[in-house]
Amino acid sequence: MLLSEKSENILNAILKYSDIQTIFALRKVCRTIRNRIDDVKPASDVKIISIHLDSDLFKNQIWLISSSEVIHITYEKFQNGCRISWNQSERFIEDEDFSTLFFNDLKIIMDCRKSMLTDFQVTTHIVPAELVTFLKSRTSPIQSKKISITTSHQSQVINVLPCFDANYLKEIGVFDIKQNQVNELWKIDAIIKLEQWKNAEKFQTFRFFVNEPIHHFLHFMKANFHVKSISTQDLFMLKKNYIMFPNTFKFFYVGYQNFLNEEALSSEMGTPYLSTDPTKCNQKRWFFKFPENDHLILSILLVPNQVFVTCIGQEDVPNGACIQNS
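Our numbering applies: residue 40 is where the sequence shown begins, and numbers increase by one.
In short, the hints are calculated from the structure, not lab data.
Hints may contain errors.
Calculated cross-link-like contacts (lysine-lysine; reagent style DSS-like; alpha-carbon spacing at most 30 Å) [what the hints assert, rightly or not]:
#1 175 <-> 289
#2 175 <-> 217
#3 185 <-> 237
#4 146 <-> 232
#5 175 <-> 279
#6 185 <-> 323
#7 226 <-> 175
#8 185 <-> 319
#9 279 <-> 217
#10 241 <-> 116
#11 226 <-> 241
#12 153 <-> 209
#13 278 <-> 217
#14 209 <-> 184
#15 241 <-> 278
#16 267 <-> 226
#17 146 <-> 278
#18 261 <-> 241
#19 184 <-> 319
#20 86 <-> 146
#21 209 <-> 185
#22 116 <-> 209
Cβ-Cβ distance ranges computed for the label pairs, FRET-style [unchecked claim]:
#23 113 <-> 216: 38 to 46 Å
#24 119 <-> 191: 25 to 33 Å
#25 237 <-> 168: 26 to 34 Å
#26 97 <-> 353: 33 to 41 Å
#27 126 <-> 345: 40 to 48 Å
#28 157 <-> 345: 25 to 33 Å
#29 84 <-> 283: 35 to 43 Å
#30 179 <-> 158: 15 to 23 Å
#31 263 <-> 320: 48 to 56 Å
#32 352 <-> 297: 47 to 55 Å
#33 297 <-> 240: 24 to 32 Å
We put the CB at the ideal spot given by N, CA and C, even for glycine.
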């Protein structure tokens, strides 16, 4: 079926004022309307795209989040075709592959964006070849402020991260999908060589240790990750680095299993502040003046298995604590 010129004009007018939910509903009506929408590429204001890919269950999901709505769409293999569910609606498309339909729709979503994404999220044990093909086939890297990847190994992250524009990407999150009781040690030696890593300002991990030295993380103004071991020299390096960024530094957290050279803490960092509060008897804190800011203080808190580096106001320094020159 072909649309008449009048029908095309009416459909174009409808699309001009349609939200993403309406556009998706229209795409499921028939192939002719779907093709017209794909040609027109009506603008959408989607800010966050989250995709969950499960080849074992033959099921892919996508969440589209804009300023006004959240849409959840499921594509799954069913009988000899694909069942698509969204909100309270459902449709079966015969003789169509669920993954092909999913990535066709994802392409349209990406092409219809009005502006840069706030966050792009990928959750999958193994990044499927279809996603790699989709990402690499784009004429330009994806522009997103943040990328969140929940997967099983560094090799899977490397399939996704380089396809994002390093000039726009500010935050990287990498999470272990396996949810093991004991955190694994991940190699990230290939990740830290990427421009996306080098240009990012924030980094976060969850459920695993990283094996790279602390100095590879010093360009992050906000960080949250775990290592097997940390040392007195690492604490001194953190102090020396972040004392230079009073206006941009936010927060640096590193969890650890082993602390090395603890006997050198006082000589390298100065005498720590020890709280008289019995609930804080295992805490050591140091406070340092920023060279060019009289109002903020760099605080380094060491507790068993955790280090917190933060900016605080002078009024938040405990009574009796020594504020050291940097």
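Do the hints match the structure? See the list:
no., hint, result
1, 175 <-> 289, "violated (34 Å)"
2, 175 <-> 217, "holds (26 Å)"
3, 185 <-> 237, "holds (14 Å)"
4, 146 <-> 232, "holds (28 Å)"
5, 175 <-> 279, "violated (40 Å)"
6, 185 <-> 323, "violated (34 Å)"
7, 226 <-> 175, "holds (24 Å)"
8, 185 <-> 319, "violated (36 Å)"
9, 279 <-> 217, "violated (36 Å)"
10, 241 <-> 116, "violated (38 Å)"
11, 226 <-> 241, "holds (19 Å)"
12, 153 <-> 209, "holds (19 Å)"
13, 278 <-> 217, "violated (34 Å)"
14, 209 <-> 184, "holds (5 Å)"
15, 241 <-> 278, "holds (18 Å)"
16, 267 <-> 226, "holds (12 Å)"
17, 146 <-> 278, "violated (45 Å)"
18, 261 <-> 241, "holds (5 Å)"
19, 184 <-> 319, "violated (38 Å)"
20, 86 <-> 146, "holds (15 Å)"
21, 209 <-> 185, "holds (6 Å)"
22, 116 <-> 209, "violated (36 Å)"
23, 113 <-> 216: 38 to 46 Å, "violated (19 Å)"
24, 119 <-> 191: 25 to 33 Å, "holds (31 Å)"
25, 237 <-> 168: 26 to 34 Å, "holds (28 Å)"
26, 97 <-> 353: 33 to 41 Å, "violated (59 Å)"
27, 126 <-> 345: 40 to 48 Å, "holds (43 Å)"
28, 157 <-> 345: 25 to 33 Å, "holds (29 Å)"
29, 84 <-> 283: 35 to 43 Å, "holds (38 Å)"
30, 179 <-> 158: 15 to 23 Å, "holds (19 Å)"
31, 263 <-> 320: 48 to 56 Å, "violated (25 Å)"
32, 352 <-> 297: 47 to 55 Å, "violated (33 Å)"
33, 297 <-> 240: 24 to 32 Å, "holds (29 Å)"
Violated hints for the displayed structure, listed by number in ascending order: 1, 5, 6, 8, 9, 10, 13, 17, 19, 22, 23, 26, 31 and 32.
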